[in-house]
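Engineer: This is what each chain is made of:
2 protein chains.
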Amino acid sequence: MAGTDSSKDFETRPSPAVILCEPQLGENIGTAARAMANFGLWDLRLVRPRDGWPNEKAVNAASRADHVIDRVRVFETLEGAIADLTMVYATTARPRDLQKPVFGPEKAGRNLVGHIKGGGGAGLLFGRERWGLLNEEVALADAIVTLPVEAAFASLNIAQAVLILAYEWRRQTELGTQLPFADVLADVAPREELTGLFGHLEDALERSGFFTSPEKRPTVVNNLRTLLTRGQFSSQEVRTLRGVISSLDRKHQRPNPNRNKFDE
Amino acid sequence: MAGTDSSKDFETRPSPAVILCEPQLGENIGTAARAMANFGLWDLRLVRPRDGWPNEKAVNAASRADHVIDRVRVFETLEGAIADLTMVYATTARPRDLQKPVFGPEKAGRNLVGHIKGGGGAGLLFGRERWGLLNEEVALADAIVTLPVEAAFASLNIAQAVLILAYEWRRQTELGTQLPFADVLADVAPREELTGLFGHLEDALERSGFFTSPEKRPTVVNNLRTLLTRGQFSSQEVRTLRGVISSLDRKHQRPNPNRNKFDE
Numbered sequence: 001m002a003g004t005d006s007s008k009d010f011e012t013r014p015s016p017a018v019i020l021c022e023p024q025l026g027e028n029i030g031t032a033a034r035a036m037a038n039f040g041l042w043d044l045r046l047v048r049p050r051d052g053w054p055n056e057k058a059v060n061a062a063s064r065a066d067h068v069i070d071r072v073r074v075f076e077t078l079e080g081a082i083a084d085l086t087m088v089y090a091t092t093a094r095p096r097d098l099q100k101p102v103f104g105p106e107k108a109g110r111n112l113v114g115h116i117k118g119g120g121g122a123g124l125l126f127g128r129e130r131w132g133l134l135n136e137e138v139a140l141a142d143a144i145v146t147l148p149v150e151a152a153f154a155s156l157n158i159a160q161a162v163l164i165l166a167y168e169w170r171r172q173t174e175l176g177t178q179l180p181f182a183d184v185l186a187d188v189a190p191r192e193e194l195t196g197l198f199g200h201l202e203d204a205l206e207r208s209g210f211f212t213s214p215e216k217r218p219t220v221v222n223n224l225r226t227l228l229t230r231g232q233f234s235s236q237e238v239r240t241l242r243g244v245i246s247s248l249d250r251k252h253q254r255p256n257p258n259r260n261k262f263d264e
Numbered sequence: 001m002a003g004t005d006s007s008k009d010f011e012t013r014p015s016p017a018v019i020l021c022e023p024q025l026g027e028n029i030g031t032a033a034r035a036m037a038n039f040g041l042w043d044l045r046l047v048r049p050r051d052g053w054p055n056e057k058a059v060n061a062a063s064r065a066d067h068v069i070d071r072v073r074v075f076e077t078l079e080g081a082i083a084d085l086t087m088v089y090a091t092t093a094r095p096r097d098l099q100k101p102v103f104g105p106e107k108a109g110r111n112l113v114g115h116i117k118g119g120g121g122a123g124l125l126f127g128r129e130r131w132g133l134l135n136e137e138v139a140l141a142d143a144i145v146t147l148p149v150e151a152a153f154a155s156l157n158i159a160q161a162v163l164i165l166a167y168e169w170r171r172q173t174e175l176g177t178q179l180p181f182a183d184v185l186a187d188v189a190p191r192e193e194l195t196g197l198f199g200h201l202e203d204a205l206e207r208s209g210f211f212t213s214p215e216k217r218p219t220v221v222n223n224l225r226t227l228l229t230r231g232q233f234s235s236q237e238v239r240t241l242r243g244v245i246s247s248l249d250r251k252h253q254r255p256n257p258n259r260n261k262f263d264e
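Chains as they are written, first to last, in full-length UniProt numbering: chain F, 1 to 264; chain S, 1 to 264.
Just to be clear, a hint being listed does not mean it is correct.
Same chains, same label: a pair holds when it works inside one copy or across any pair of copies.
What the hints assert, rightly or not - Pairs of lysine to aspartate or glutamate residues, derived as EDC-like cross-links and limited to a Cα-Cα distance of at most 16 Å, are as follows:
#, residue 1, residue 2
1, K100, E237
2, K100, E136
3, K100, D187
4, K107, D183
5, K117, E174
6, K216, E202
7, K117, D249
8, K100, D183
9, K107, D187
10, K100, D142
11, K107, D142
These aren't lab readings, by the way, just hints derived from the structure by calculation.
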């Protein structure tokens, strides 16, 4: 979905840091940065990226998430990368034999939002492309986060896992209900206009011979009025429909030059 | 995150169809299929894919989401692709001048779950890589769905948009709380074991000369007991800590051959 409004400045609000442990491919660093940017995260930390830093492939894959890429910090150790944080969650798709709580993204998001609101620093750890986080890395975290994926198809790449957790974080902040645009629904037309439409249609149908059975007429009219009410038409839409009726009504009265005897 | 359990068969539960309108790159069809598979969606429909179908690049990018790829159906028209559906939502990142309700993913997910639970067929429309859906395509939908993205960085690729909506759908079904694995937290040790730990530690500290001020001793002891209670240690962890205390305690008593006069 396109739609970036680059005229709007990015704001570095308090939000979770994303820590990638020994990422191998620059592309994955870039797509993770992009996923962060989508939902307002900006603090990306790399522990020993295989191909060093800066990394041109990461920049390209980030699709202009420059405000994230430009702020990337590189660390020699995970301990260093999380030194300033007071809440650290490790993401993993595999169970670990560690005495850690395991949360889904919803609970994790709720905890992160609460912690950050209280002024704390929080971070999410993500592991290597091939084998994720080491147990000694998970051991440094307060809890494990895993996603409610389909057991038969649980493999997510790093950017997808970052995207879901960044989304959950944002969903649970006050930004989560702020959509980039809203309905442009016009007001529903006043009832007077709707009853005008009913009268117009029923007159036209009367002339066209639509009501074949006088005793069924009230029921048919009620059904028509019901279906025409359900759409909550605007004044403009009522006018459009009245134009449709007028047009069909005139067509009905106009002799059709193509009409042949079989139509009579 | 790795972790796919390919021994588990995929189940085609009732779930929203994903309809891609004129997708250009096979890679994007594949990554969309993969995102669907992560959260249990399987009904992928393509309207006039630029490079035809089947598409080898799509298969490769799908990372073994074969159960989705194998079920792909191709349609000549969007009308044909949504013919059997009774609820259709169009995803877009741009406002449209159409009288349609605009929902975020949460509301959209709630509506989809309700509709599908009631036996209805539902689908999500996604547009072209470059310019999304045409207004005439959006016009065929019941409502517009857009994501609560950062205004300054709103650009999502198709697979990311599919991933978020598939996640929201699953989150709001009963599957949303089913994580692939759970805590393996052992039971908290009975208090008797904890008080044993307190006694052991306090005796050792007594011998090591930790309590320098007799009048402050009760406060220091209370603080130690408080911090040792907060971790909700298991029996195994209490035993580990007692081993730690014994080890340090013995070390204290053992004459240190490296100790020099300045340490006395």
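Engineer: Regarding K107 and D187, is the shortest C-alpha distance of 16 Å or less found within a copy, between copies, in both, or in neither?
Structural biologist: neither (39 Å within a copy, 21 Å between copies)
Engineer: Under a CA distance limit of 16 Å, which applies to K117 and D249: within one copy, between copies, both, or neither?
Structural biologist: For K117 and D249, neither the intra-copy (64 Å) nor the inter-copy (42 Å) Cα distance is at most 16 Å.
Engineer: Checking K100 and E136: alpha-carbon separation at most 16 Å within a copy, between copies, both or neither?
Structural biologist: Answer is within; shortest intra-copy Cα gap is 13 Å, inter-copy 52 Å.
Engineer: Is it within, between, both or neither when you check K216 against E202 at 16 Å Cα-Cα?
Structural biologist: Answer is within; shortest intra-copy Cα gap is 14 Å, inter-copy 94 Å.
Engineer: Can you give me the call for K100 and E237, within, between, both or neither, at a CA distance of at most 16 Å?
Structural biologist: between (59 Å within a copy, 13 Å between copies)
Engineer: At 16 Å max between alpha carbons, let me know whether K100 reaches D187 within a copy, between copies, both or neither.
Structural biologist: Between. Shortest inter-copy distance 12 Å satisfies the 16 Å Cα cut-off; intra-copy 53 Å does not.
Engineer: Is the C-alpha distance from K107 to D183 at most 16 Å within one copy, between copies, in both cases, or in neither?
Structural biologist: Between copies only: 14 Å across, 30 Å inside.
Engineer: Could you figure out if K107 and D142 sit no more than 16 Å apart (CA to CA) within one copy, between two copies, both or neither?
Structural biologist: Answer is within; shortest intra-copy Cα gap is 13 Å, inter-copy 32 Å.
Engineer: Evaluate K117 and E174 at a C-alpha cut-off of 16 Å and name the case that applies: within, between, both or neither.
Structural biologist: within (11 Å within a copy, 30 Å between copies)
Engineer: When no copy is specified for K100 and D183, does a C-alpha distance of 16 Å or less occur within a copy, between copies, both, or neither?
Structural biologist: Answer is between: at 7 Å across copies they meet the 16 Å cutoff, but 44 Å inside does not.
Engineer: Regarding K100 and D142, is the shortest C-alpha distance of 16 Å or less found within a copy, between copies, in both, or in neither?
Structural biologist: Within. Shortest intra-copy distance 7 Å satisfies the 16 Å Cα cut-off; inter-copy 45 Å does not.
Of the numbered hints listed earlier, those contradicted by the structure are 7 and 9.
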